[in-house]
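For this one, chain A is given, so just place chain B on it according to the hints.
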Amino acid sequence: ETGVTQSPTHLIKTRGQQVTLRCSSQSGHNTVSWYQQALGQGPQFIFQYYREEENGRGNFPPRFSGLQFPNYSSELNVNALELDDSALYLCASSLAERRGYGYTFGSGTRLTVV
Amino acid sequence: DAKTTQPNSMESNEEEPVHLPCNHSTISGTDYIHWYRQLPSQGPEYVIHGLTSNVNNRMASLAIAEDRKSSTLILHRATLRDAAVYYCILISSNDYKLSFGAGTTVTVRA
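Just so you know, the sequences run in chain order A and B.
Start counting the first sequence at 19; every next residue gets the next number (the numbering used here).
Start counting the second sequence at 173; every next residue gets the next number (the numbering used here).
With the rest of the complex left out, here is chain A (with noise of 0.2 Å):
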């Protein structure tokens, strides 16, 4: 069984630039949802997709977009980079019957924006 991979590892990018993260899911598993993590803190919820269509968002603005495709692999997407963007970006893969319990995650990707 396989686990979730994110990639990049690590990535820098300039304030403006536009950037995609990529992300596979767990076999099996049927849902995938996004998570910022700023140092010191808790990870905050993105957004969540399943069977290829958004089903849930957090307080994040419209530039952070994402995509699902059929082999349940994810990118998040997040255009005009700010400052604030620089952060650990977490995808976690589920079963959408699995409600709240079961997410693996991967080690995440490190955006820093200077």
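Since the hints were made in silico from the structure, they are not lab data.
No experiment lies behind these values; they were computed from the predicted model shown.
Simulated crosslink set (SDA-like; lysine to any residue; CA at most 20 Å straight-line): (1) B:Lys175 x A:Gly58; (2) B:Lys175 x A:Gln55; (3) B:Lys241 x B:Asn180.
Residues on chain B that point at chain A, a partial pick, calculated with CB under 10 Å: (4) Tyr208; (5) Ser213; (6) Pro216; (7) Glu217; (8) His221; (9) Tyr259; (10) Tyr268; (11) Ser271; (12) Gly273; (13) Ala274; (14) Gly275.
One side only, chain A facing chain B, incomplete, derived with CB under 10 Å: (15) Thr49; (16) Gln62; (17) Phe63; (18) Phe65; (19) Tyr68; (20) Asn73; (21) Gly76; (22) Ala110; (23) Ala114; (24) Thr122; (25) Phe123; (26) Ser125.
Cβ coordinates follow ideal geometry from the N, Cα and C atoms, glycine included.
Coordinates of chain B only, in the frame set by chain A:
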């Protein structure tokens, strides 16, 4: 989201039990109590969850107060690998997202 309150940090000696408290006085009847932990440089990891009864698994035990307004995660014999931030999270049966607080940072002394 119903809120939880946890101590900022706790220390333990290796091989000793660790009791991590969590207060959730506004918990509703449909809220499940979940625990995740985050080791350094890793994503969070599911530990355990419960509704009303105490729960045990290979990682830990979860003791839930009779009125469900508090719970305790018990690591029976702490190892150095248990040093992590532990998060107590409430999730209703209709919900799907994890609402993380600041968690409790557990330090294990050799």
